[in-house]
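J.: Single-letter residue listing:
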Amino acid sequence: MPLTDPRRFRRLLLRAILVPVGLLLLLAALLLWEVRDLLQTQEAARRSQVTLVRVERVRQLFIDRETGLRGFLLAGDRIFLEPYHAAEQALPKALDELERDLEGKPTEQVRMVELREGWKSWEQVATRMLALYDEGGDWLGLVRSGVGKERMDALRAILDTLVAEERQRAELQGAEAEQGARTVLILGLLWALTVGVLLAWLSRRQLLTLARDYEASLARVQAQADALRASEARLESRVAQRTAELTAANQELESFSYSVSHDLRAPLRAIDGFAQALREDEAERLSSGSRQLLERLQAAAMRMGQLIDDLLQLSRVTRAELRREPVDLSALASSVATELRQREPGREVNLAIQPGLSTRGDPRLLRVLMENLLGNAWKFTSKRPGARIEFFSETAGGVTHYAVRDDGVGFDMAYADKLFTPFQRMHKATDFPGTGIGLATVQRIVHRHGGHIEAQATVGGGAIFRFTLQESLA
Amino acid sequence: MSSQRAILLVEDNPDDVDLTRRAFQRAGHPQPLEVVEDGVEALDYLFARGSYTHRAGEPLPALVLLDLKLPRLSGHEVLRQIRANASTRFLPVVILTSSDEEKDLVQSYSHGCNSYVRKPVSYNEFVEAARQLGLYWLALNRVPQPGVHE
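So the sequences go chain by chain: A and B.
Mapping the first sequence onto our numbering, position 104 (from 1) lands on 701, and the numbers just tick up by one.
Mapping the second sequence onto our numbering, position 74 (from 1) lands on 261, and the numbers just tick up by one.
Hints were generated in silico from the structure; no laboratory data involved.
Note that beta-carbon positions come from the ideal geometry of N, C-alpha and C, so glycine has one too.
Honestly, I wouldn't trust all of these hints.
For lysine to aspartate or glutamate, the following EDC-like pairs were computed, each having C-alpha atoms within a straight-line distance of at most 20 Å [as the list claims (entries may be wrong)]:
hint	chain 1	residue 1	chain 2	residue 2
1	A	K717	A	E696
2	A	K690	A	E653
3	B	K290	A	E849
4	A	K717	A	D674
5	B	K256	A	D906
6	B	K256	B	D205
7	A	K976	A	D1009
8	B	K290	B	D202
9	B	K256	A	E851
10	B	K256	A	E631
11	A	K976	A	D860
12	B	K256	B	E224
13	B	K256	B	E289
14	A	K1015	A	E991
15	A	K702	A	D661
16	B	K290	A	D757
17	A	K1025	A	E991
18	B	K290	A	E851
19	A	K702	A	D731
20	A	K980	A	E945
21	A	K746	A	E694
22	A	K980	A	D1014
23	B	K290	A	E918
24	A	K702	A	E720
25	A	K980	A	E918
26	B	K256	A	D860
27	B	K290	A	D860
28	B	K290	A	E653
29	A	K976	A	D1004
30	B	K290	A	D906
31	A	K746	A	D661
32	A	K690	A	D661
Here are a few chain B residues that sit away from chain A, every Cβ distance over 12 Å (derived from the structure) [stated by the list, open to error]:
hint	residue
33	A210
34	E224
35	K256
36	E264
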């Protein structure tokens, strides 16, 4: 998957954040739990201390009662009873407070009950002593009997037990708190360590993933470039192959033409030559009919020779390498016109050539073109005395059109599409000679020069051939 | 005398041989027409080798009429070897062929032919060509004696 895929990127990001955050939250919860535990333990320890203080207060109040009473009995002065009375006032409240402290602690509650009962029983003794003292009884005997001391000792013992128990509890809670603190510390360290390790691991993982993705993208780009190069090479080799095939085809065509040129003409030469020999050697013995037959044989051979020559020219027009040089079309047309006049000096033709027409093209091919177009005009005006043939140019739509116009026999436009096809003729061979290849050759020359050609004619009203040449071609 | 020396026709088509012989006769040239049918034979004749060893010491032909399309060795190669050899390099050679290819024309002149004539299909034109060839190359033209070096 590409690096640029937003879903993948989001997933990577989520994994990078959610996983560590979840883990850290879990650890934090654990830590908080431990801290709460620790706080609770500390609170318990504080309460134990308070309890111990309260126990000592109670003890002090008991002592106040005892020493107050003892002082009064010894001195007989009521002033010594002040602590005794003060303690009596304070004790119920101190005891209630202590009892509230010890709520939820069954053993201590039991001790409280014992304490209250022990106190009550000491108070009975104390009350009795005071009563005896006031009655002038034997209070000393009661003191000496040790009942008061015994009961106070029992109270002290209960208080001692309470203190011992509370101390033990406090110690336990202290140890627990210490343990809790250690756990919190360890958990805190663990948390920090985990955060560090997690972050490091995730960063490394992300970096590795990114690096892998980058490498993958790089590899893909590389592969694409390779594929492109390969297809380019394939294309080149295909072009080279096509070129080779084309070259081979051209060579084949060339050797075919060469063969036609050589081997097809030789038998025709033999036919004409031996027919002529026959006419010369056997002149007296041949009937006039036979001589005519021999003449027709020779005429057929000549026509075949002309066909071969025209075909070869057509093929050469296609194969020849196109040259591009300045060509004076007017001079070319004049030269062709002169040849035509020399070939048939008897004809009276008004041949008008617009001067100064020049172009860029292949001079040999353009000569063949002019020979064919002017030759056609010459041929198809042969039956009109004082015929007129023109070569001129006109501009239409910014394009130069060259035209050859004659006032000859023309042709039926219904067959115009056959005009430029080889071997297609518009007129009977007895009317006008020809092989039907000339206009096909003309069209090929025009096409090779990047132009087009069209013809317009009416039967008996002459014909005009217009063609363009793509002169800007290098 | 140069008028007694033969014309060597290098041509594999018997019809063309007959027609050429006839054309030269009709054109009124008295020189004998020697015929060889391929390029190898032509060189054997000129250099008196192979089946023509008996020609050693005989004079070279006055004119060679060389077709281009020949069995075994082509006319181009025959011409090249004629021009490469000291004894034959001044020998008048006329290419007489059916080919109208620009390529053949250029190659023939590059190898040093003296003239290039395309055989016309028309027999009458052919006779006229033979007449003019004989007139020019056998009567008018002058060639250094064989073996004479400049």
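J.: Which of the numbered hints above does this structure break?
T.: Those not satisfied are hints 4, 8, 10, 11, 14, 15, 16, 17, 19, 21, 22, 24, 25, 28, 33 and 35.
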